[in-house]
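Engineer: What follows is each chain in one-letter form.
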Amino acid sequence: MATIREKGYTHWDGTLRERRFPWWPITRTGILLTFRKKQFKFFFTFAFVPALAFLAGIYISERLEDFKFWFKGTEKFITINPAYFKTYFTGDFLLFMMVMILVFAGAGLISDDLKHNALQLYFARPLGKKDYLLGKASVVFFFILLLTLVPGVLFIVFKLIFSGSFRFLAEYPWLILSVIGYSALLTLFFACYTLLLSALSKNRRYVTILIFAVYLFSDILFGILFGIFRSPYVALFSLKGNLQQAGAMMFGQKPPFDYPAYLSFLVLAAICAVAAAVLWRRLRSVEEVR
Amino acid sequence: MSLEVNDIHFSYGPIAALAGVSLTLEGGAVGLLGPNGAGKSTLLRILLGFLTPSKGEGRVLGYDIRTERALIRRSIGYMPEDDCFIVGMDAVSFTSYFGELSGMPREEAMKRAHEVLFYVGLGESRYRLLDTYSAGMKQRLKLAQALVHDPKLLFLDEPTSNLDPHGRQEILELIRDISSAKDIQVLVSSHILADIETLCADVVILNKGRVAAQGSLASLRAIDFSLFEVRVKGDEDLFRSEAEARGCRVDRTEDGILKIYMPADKDRMEIFRAAAAAGAQVRHFVKSRTSLEDLFARTVGVD
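Chains E and F are the protein sequences, given in the same order.
Quick note: the first sequence, position 201, residue 1182 per our numbering, numbers continuous.
Quick note: the second sequence, position 119, residue 194 per our numbering, numbers continuous.
Please note that the accuracy of each hint is not assured.
As the list claims (entries may be wrong) - Covered stretches of chain F (in silico footprint by chain E; criterion: 3 or more residues with CB under 8 Å from a CB of chain E, positions within the stretch not fixed):
| no. | region |
| --- | --- |
| 1 | 134-141 |
| 2 | 159-166 |
| 3 | 182-194 |
| 4 | 328-335 |
Hint data in this document are derived by calculation from the structure and do not stem from the laboratory.
Glycine residues also receive a C-beta, built at the ideal position from the N, C-alpha and C atoms.
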């Protein structure tokens, strides 16, 4: 160990300032630490495969004559309309990749701080619980928005560029709102879901398993219950089912399950409310009782 | 005046943790002592603004503990007792991160992190991952993150816990340097009384949620009581009863020596009178310098 006081202590002559966004260093650090994780870059890049495929579809839709030998009779699948966007946003693969991203980016967000007693260091700073949670949630926001809002907006922009006119925007003026709204819904839900599970255990591995297990088993449970009861309402037990039902409604498409879509919104909102309550309680207990 | 609290009350449900604590601390290093459950951590948490007292008021560095918590936290440094770190970070990133969270500009925080890490002796290992740090290094790192924003007041919670004698000595030397030469006031909460005795000129002893004693070590030792070490031959129990009847408190050490805490207004001859009354011979009689352990034991009534 090095000798104490290799250099003397000097006072800092700057001024501490009140930050407009005190949570921003937490977010920036969370994002940087995520990119340092092994394998994350591979999964993150892989998660953009659907976006690239759909972007290619938009290009092809404007050059159908050039590609007609590929798409003989299947042109309808690359008709760019809200259904195309809905297919991208509610696709099984994209949702699964988001869960994978959450495992890398979100599992340790709170559980690592709980395990290594870092919360008391945060709260000894001029930070409130809201700032801490917003900082952590924004890490999830960043990654999920990169997979939802950014491709969604780019799809529209490239459609306009490739078509050379604003006709698409005139036909579907509300589509950009659907993209923003559904991206916000996915982001908010996944942030609450991840932070809730991350706050439940000090062990990041357990949280990783939970993030996967709750998502997958909710879908398996839906399959089992549907096999028994044959009722579409059992899709309310499936996280994926609820997200797809909400997505279909927000893009103005026929919902995949035959029940009112607002019920899925209620389920997702309830999960977010439970997450907020648990997180608030969990952080308070760390602050107040050692 | 760095810290002033008046009639602070706080309860965890039905359990009263603090019952009317009033304190005024000036500069330098102050030791916060007390047995487990005395309310030390609760008091620190109230001073940090983590907890709101149910009654009472206080100011830390002139800021109100109820309404100006963010300002208090910006101006103080806190070194917790537990090991605290963030997985995947090195010491420079960690220290500058908390500097930034305290309100330092990013570049300044990074520059300052290097400085304080050199100061606490982690200069050579500042780019190592924290997961690989030893207990002593983590302790220094906690001190570095508490110092990074150049606080005016430092709260140190058990700063030498889990350290080997050499590491403990080095941390004590650092704290002494900070409190004596760096114009930073330090409040040290510790169970290791020798550390407090080494570092602090003033102490506050908490017991059962109240201030049991407060003041400079010298004045507490001098004014409150005299300590004598006595060995007697004869009926020791009777001698103890006689001494206690004369207002003294008597404790027996493991090696058979009786420690007699005599009120300042009493004459030492009372001990011999007690021995005579008990029919015991005094074989050993030494006026002892009161250590902090003695003061602590006398104040809170435990060994």
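Engineer: Holds or violated: the region 159-166 of chain F covered by chain E, criterion of 3 or more residues with Cβ-Cβ distance under 8 Å?
Structural biologist: Holds, because 6 residues of the region 159-166 of chain F bring their Cβ atoms closer than 8 Å to Cβ atoms of chain E.
Engineer: Count the residues of the region 182-194 of chain F with a beta-carbon closer than 8 Å to any beta-carbon of chain E: does the count reach three?
Structural biologist: holds (count 6)
Engineer: Check whether three or more residues of the region 134-141 of chain F sit with their beta carbon closer than 8 Å to a beta carbon of chain E.
Structural biologist: Violated: only 0 residues of the region 134-141 of chain F have a Cβ under 8 Å from chain E.
Engineer: Can you take a look at whether the region 328-335 of chain F is actually covered by chain E? Rule is 3+ residues, C-beta closer than 8 Å.
Structural biologist: violated (count 0)
Hint compliance for this structure: hints 1, 4 are not met, and every other hint is.
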